[in-house]
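Just so you know, the protein sequences line up as chains A, B and C, in that order.
Positions 0 to 259 (numbering that gives the first Met the number 0) are the ones given, in order, by the first sequence.
Positions 0 to 259 (numbering that gives the first Met the number 0) are the ones given, in order, by the second sequence.
Positions 0 to 259 (numbering that gives the first Met the number 0) are the ones given, in order, by the third sequence.
Errors might be hidden in some of the hints.
Since the list gives no way to pick one copy over another, a pair counts as held whenever it fits inside one copy or between any two copies.
The calculated BS3-like cross-link candidates involving lysine-lysine, where the alpha carbons are at most 27 Å apart (straight line), are [as the list claims (entries may be wrong)]:
no.	residue 1	residue 2
1	79	205
2	79	216
3	79	106
4	216	76
Because the hints were derived from the structure by calculation, they are not lab data.
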Amino acid sequence: MYEARLLQASLLKKIIEAVRELVTDANLDCSESGISMQAMDSSHVSLCALMIRSDGFQHYRCDRSLSLGLSTGSISKILKCAGNDDTVTLKAEDTADALTIMFESPKQDRISDFELKLMDIDSEHLGIPKTEYNCIIQMPSAEFARIMRDLQVIGDTCTIACDKDGVNFSVSGDMGKGNIMVRNNTSVDKEEDKVTVTMEEPVTLKFALRYLSLFAKATPLGPTVTISMTPDNPVVVEYPIDTFGYVRYYLAPKIDEADE
Amino acid sequence: MYEARLLQASLLKKIIEAVRELVTDANLDCSESGISMQAMDSSHVSLCALMIRSDGFQHYRCDRSLSLGLSTGSISKILKCAGNDDTVTLKAEDTADALTIMFESPKQDRISDFELKLMDIDSEHLGIPKTEYNCIIQMPSAEFARIMRDLQVIGDTCTIACDKDGVNFSVSGDMGKGNIMVRNNTSVDKEEDKVTVTMEEPVTLKFALRYLSLFAKATPLGPTVTISMTPDNPVVVEYPIDTFGYVRYYLAPKIDEADE
Amino acid sequence: MYEARLLQASLLKKIIEAVRELVTDANLDCSESGISMQAMDSSHVSLCALMIRSDGFQHYRCDRSLSLGLSTGSISKILKCAGNDDTVTLKAEDTADALTIMFESPKQDRISDFELKLMDIDSEHLGIPKTEYNCIIQMPSAEFARIMRDLQVIGDTCTIACDKDGVNFSVSGDMGKGNIMVRNNTSVDKEEDKVTVTMEEPVTLKFALRYLSLFAKATPLGPTVTISMTPDNPVVVEYPIDTFGYVRYYLAPKIDEADE
């Protein structure tokens, strides 16, 4: 028997929207410690890893570890049926071929339950090596999302150059070039408006804007995003899920052909 | 000479939007007692009946009964030209081949008039037999609309099961099943949030979700909807028009092939 | 060296949106007196003329007159990258093949610069003869935009008839006719709600609604529009740019075939 109750159905909705466009089918691994998911995007370029620890749930019971194969599109459709203030409960039998998703309105006068058919999905769990990062950027998630959206009108490849003064995002394309400089900025009124660069050495890397833009779908999860970079390693773009989890995206840098 | 003046052009707009997608062409029957319309949808599955009694108009004059053949799409386009606070006047000569629709802004500084060409539409007025209903559900119209929208993502056929505790809407499809329970609920702050089931006997019937969704286009007309069901008879979904009329939709239940 | 700094990037955005759909490529003529542009629409039916005087800029320096050939679509894309409160600076070298567009956030913590490639555009500057107009209509720009949008659902050709009482916009088409009368109205609370007709003689002219609608894309520039008409001459539809410029559209009247 598996049962997990989350106070805000809307949070689960945001988590699924954060991965839906990148990952179409994935195994939700449910264990005593919580729910996790790891999946490559459909073109096998980026990796998405998700964790919601059991202490984030109002009620959590996991008799036996389960791997639930889901279509993210289908669960997204079902989550759209939740009211803004509804709680959500996920339920599955140990030998389940369906996941039950139950929504309850605050006054209990509307209860909906949906049964989502499960799928067998082949997946190998990739070990992600611990890496030391030369630059760790923390910045407002909305600003990162906006920069990705803005630069996409100019070109396909984003150069992220980070040094002690801040971060520079640049792109070039047929119509011209674009360059957005975000300065290290810790003297702001709101903690979440802060831009901080924790740096050992400056790093400059190039990435496919298309993927960075897809990562920014996680923006509604919270006010800040952390970008960790080190040469010759995938960038990690991380959005915390409250205090009890995260969505992390990994993307390998593009190799500059001119440098080869 | 026919002349009918309604204080809120926006109300007429909502009425036309309530039928526009279901019924493309229809006769507006104008008589001393008011305006009525009765029409099958274009696939002849459901019936829509409309009544606006003459006392709902600020000014009403009907020298001779008229039947005005209209394209609901065309009148809808014209009504979109009305300002939010405009009054609307419908005018037609007794032998008219056009309906004049006049909008006046509150300060009379903007007056628009449109002439809509009339059409000859063959229609037979169906007598709707008086029926006793085993279950009459009254619920918030917005909630009914939302449930129809939500369930449509799962499947095509909605089972409505009504008993003394409330109403259960359910659906199933390729990705799974859905079930939404709305409980009898009379202890609410606002009259319009009330869910009441007036029941002689429990009823369970199946309907095409597509039509129930189209009926829900009438939601802007007001806060409540009434659903009347009895076995082997069409369901009636009724939206009151203020205190002086209604839009009613009739839809025959689907016959469960497994039951035959 | 050319450098022009405008306090509100949003104003430049509105100016470009006002011409973008009508004119795809145009030369921006930068001189000591300011920035001007003159271009026919792509089907050579209407003419658009733009002027922003140098005193409208916070900083303005023009060592040598320049003609910058731009794609309005490309500059529009770049301007969408500006924040709402950003300032914008345009920069070009005297022999430039690119225009630099720089945005600065109010606190200077975000600076973006874009380089837009320039194009060689053949254009002849048309002399627009000074004309005396029989009717000059000043009316709220939002109302003019709305009337153009409303009438377009009925037909393609708008007849504008202006006399001392006001202006009448009319149209006819397959589904019927439409007629919107806007009365001379000077006793209003807000200056910008005023409708005034300054008239020597009544004028009635016909125009292609498609173009009048495109002109109305300039509506966000300000609360009023001025329409100047005289027989056998193009109508002028003018939107002021604050106190330091304008966007003007010229459109030749349609000749009524029945009159010929």
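Classify it for me, residue 79 with residue 106: is the Cα-Cα distance of at most 27 Å met within a copy, between copies, both or neither?
Within one copy, since 19 Å is at most 27 Å while 39 Å is not.
Homo-oligomer pair classification [residue 216, residue 79; C-alpha up to 27 Å]
Classified as both: same-chain Cα gap 16 Å, cross-chain 20 Å, threshold 27 Å.
For residue 216 vs residue 76, is the C-alpha pair at or below 27 Å within one copy, between two copies, both, or neither?
both (16 Å within a copy, 21 Å between copies)
Intra/inter-copy verdict for residue 79 and residue 205 if alpha-carbon distance must be at most 27 Å
between (36 Å within a copy, 24 Å between copies)
Violated hints: none; the structure is consistent with every hint.
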